[in-house]
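Fit chain B to the given chain A structure using the hints.
Protein chains: 2
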Amino acid sequence: MNELGGQLLSDVQGRTRERVARAALSRLMEPQDAAGLALVRAAGAVDGLRIATGELEPGPELEKEVTSLLADNGISSGGAGLAAALRRWAPRIPDLAPERDLATMQRLGGRTIIPGDPTWPAQLADLGLHEPLCLWWRGNELEFPPVRRVVALVGSRDSTSYGASVTGDLAYGLGQRGYTVVSGGAYGIDAHAHRGALTGGTTAIPTIAVMAGGVDRYYPSGNEDLLRAVANQGAVIAEVPPGSAPTRYRFLQRNRIIAALAAVTVVVEARWRSGALNTAHHAESIGRTVAAVPGSIHSANSAGCHRLLRDGGAVCVTDVGEIAELAGSSGEGLVEDKGAAVSEHDGLTLEDLILLDALPVRSTTSVEKLAVVAGLSPESVRAGLGRLGLLGLAVSVSGAWKRSGKSG
Amino acid sequence: MNELGGQLLSDVQGRTRERVARAALSRLMEPQDAAGLALVRAAGAVDGLRIATGELEPGPELEKEVTSLLADNGISSGGAGLAAALRRWAPRIPDLAPERDLATMQRLGGRTIIPGDPTWPAQLADLGLHEPLCLWWRGNELEFPPVRRVVALVGSRDSTSYGASVTGDLAYGLGQRGYTVVSGGAYGIDAHAHRGALTGGTTAIPTIAVMAGGVDRYYPSGNEDLLRAVANQGAVIAEVPPGSAPTRYRFLQRNRIIAALAAVTVVVEARWRSGALNTAHHAESIGRTVAAVPGSIHSANSAGCHRLLRDGGAVCVTDVGEIAELAGSSGEGLVEDKGAAVSEHDGLTLEDLILLDALPVRSTTSVEKLAVVAGLSPESVRAGLGRLGLLGLAVSVSGAWKRSGKSG
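One line per chain: the protein sequences are A and B, in this order.
Residue numbers are given in the UniProt record's numbering: position 13 of the first sequence equals residue 13, and the series is strictly consecutive.
Residue numbers are given in the UniProt record's numbering: position 187 of the second sequence equals residue 187, and the series is strictly consecutive.
The shape of chain A in the complex, shown without the other chains:
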């Protein structure tokens, strides 16, 4: 083997190690785990994983770098960012098997892509520290379209016939004009968006469904056929590994990926409080354009759209031409910090929200099991359960825990 060949082999091995490490890290950490993402930035994915799993000592300089990265992103760790994170990750270390996860994806006809891959969506870099570690990808392996050619159509699960017809028309029309339509694969507006784009689509990737849970399952089950078609003609993707449940926390984090992939996020129908508004806030926070479709003021399903229009953040759109115009004028990576996403979390910290998601509704569970499911240290679980208990969101039954009725 000549020198060039040796270099190439070494590069390929390096990429493979990086891929395996990121796959493992994506199981170890919940999406948007700031300390973990800062660790990967500071130490790289391979050494980051070795530190996260306790194989390597972080050392005071690295800890300082992580703390400073977190501070740069407005996250105050009180100096204990990495130490707390290590305790949070510990319970999941025994379950790590990245090679198995990568093999699962291959068996499903998919793959795991990481930043630097030719198919990696460059626009995700606009998420900064919160760029996903990797994407579990089921579908066509093609170069990702640039942000200005991608539009997100989102909205309520319980869409009206108005919302269904508007979404179908817009998605079909966007497909005809060569746009890729991104949505969340859910019932209602999401499903109509994918369907319209599959019918009207003229590009290699007409539509992409970004899942909150693992892509090994097509969820919700009522959309199984649709999502299979999306994977066949476009792509079904997630930042969490196969087997991951679609928790509420993951739904909210997933929305930032939808927002970042597209130049414009169009909310077609949304109630006064709706997950679609969370996607809109994510889009705003990274400087993407938010648009809303108006509707009857008598329809509760348009109240969220009108709220977005009234608050001044969203542009009123009524047809494909207007959306295309916005996509063209949208800056790539123009960041304004508005820090709005937090309000949707009912005032809970991200950690408490993860914990709430992990709490069973009917049966009870132990602190140790919660630590594994939530990816938090047993100490954090205990403290969090205390806070959720005070808020009436969790109850303890003879030492074991479950959700209280009111946390729905």
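Quick caveat, the hints were computed from the structure, so don't treat them as lab data.
There may be inaccurate statements among the hints.
Chain copies aren't distinguished; within one or between two, either way the pair holds.
[Stated by the list, open to error] As a list, the in silico SDA-like pairs of lysine to any residue whose alpha-carbon atoms are at most 25 angstroms apart:
| # | residue 1 | residue 2 |
| --- | --- | --- |
| 1 | Lys64 | Leu8 |
| 2 | Lys402 | Ser285 |
| 3 | Lys402 | Glu325 |
| 4 | Lys402 | Arg19 |
| 5 | Lys402 | Arg310 |
| 6 | Lys64 | Gly5 |
| 7 | Lys402 | Gly328 |
| 8 | Lys402 | Pro246 |
| 9 | Lys402 | Arg362 |
| 10 | Lys402 | Leu56 |
| 11 | Lys402 | Arg148 |
| 12 | Lys402 | Glu322 |
| 13 | Lys402 | Gly313 |
Leaving out everything else, chain B in the frame of chain A:
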């Protein structure tokens, strides 16, 4: 008669002469005849009428003053402003009979009010040079409500059942909250606005119809009963004297009065091209708030509303509370815009506000174009841009101007 009584009598005689002169001038000139309005500013109504009818020579100094007043208002007369106007007015001089017109109004149970009367709407002063010479008034003789208590509801003549029901609800609700509803007395949205306000109204002047033609006739004839009820419970008014036909030009000029009377102009339903949009633009141009009611994107009658929302000039409103909020935050002539912009727009002169409104958000424009759009002289535009620039509300990009991000 003592000295005080003599002074009083002289005042009353002065007011009467002024009233007769303005009544005559309002027949001589079309609404918004800039040269005529400048003449009245410069010479007063009584001498202005004597000059307009050729009884008095204007003299070079007065001509200079009129030219300069016109220039201040962005109207270039090329030095021939007054001379051309005199030729324009000449054909109507033989028809002047102001005493007859005033008597006609008295016979109709009405009157002619002029600036300075206790019943004169103070908010019309925000029209500057374009304030009407007088108002022909049929209805209750009461102090006019302040601008913050007046809302204009306008829209298409061919309203849909959606538009009818929304307008009726809003007008009724505004009436219940003590607002005066202003509209144009036409079929469709206007009629529903007056009807709702008559039913729900709780103030002395629940509703006012501003006519494009003389108030001696209730026009259109299909609204005769409605307009009679408006005159009985509120007021039917016009700036043109009895017997004037409602020409298209007068419709468009009439819209500026509707816009100036109200703190907020709400467009309920409007086609892509609609007279209601003209009222909205008048409102914007004097710094009043414009609002639009959203509707189905499949309805051509909402296309104009969505256009207003999309172009960024209008606030999306869906109920009476939102309209009341806008009216409350609307200053008299000094409009505070929605949301975050409030503090930055505080303390701006009306001229600077108009200039700010005229500045495009995305593209840039030249001083010359701004002078046209804002209706200000190039010198005023340059000075105003300097002030707005210092406040961080406007930015210059290689010689052309646009709004800065912070001015929303």
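Here is what the structure says about each hint:
no. : hint               : result
1   : Lys64 with Leu8    : neither (35 angstroms within a copy, 85 angstroms between copies)
2   : Lys402 with Ser285 : both (17 angstroms within a copy, 23 angstroms between copies)
3   : Lys402 with Glu325 : between (29 angstroms within a copy, 19 angstroms between copies)
4   : Lys402 with Arg19  : neither (37 angstroms within a copy, 47 angstroms between copies)
5   : Lys402 with Arg310 : both (18 angstroms within a copy, 23 angstroms between copies)
6   : Lys64 with Gly5    : neither (39 angstroms within a copy, 89 angstroms between copies)
7   : Lys402 with Gly328 : between (29 angstroms within a copy, 20 angstroms between copies)
8   : Lys402 with Pro246 : within (19 angstroms within a copy, 46 angstroms between copies)
9   : Lys402 with Arg362 : within (7 angstroms within a copy, 52 angstroms between copies)
10  : Lys402 with Leu56  : neither (36 angstroms within a copy, 55 angstroms between copies)
11  : Lys402 with Arg148 : between (30 angstroms within a copy, 24 angstroms between copies)
12  : Lys402 with Glu322 : between (29 angstroms within a copy, 22 angstroms between copies)
13  : Lys402 with Gly313 : both (15 angstroms within a copy, 19 angstroms between copies)
Of the numbered hints stated above, those contradicted by the structure are hints 1, 4, 6 and 10, listed in ascending order.
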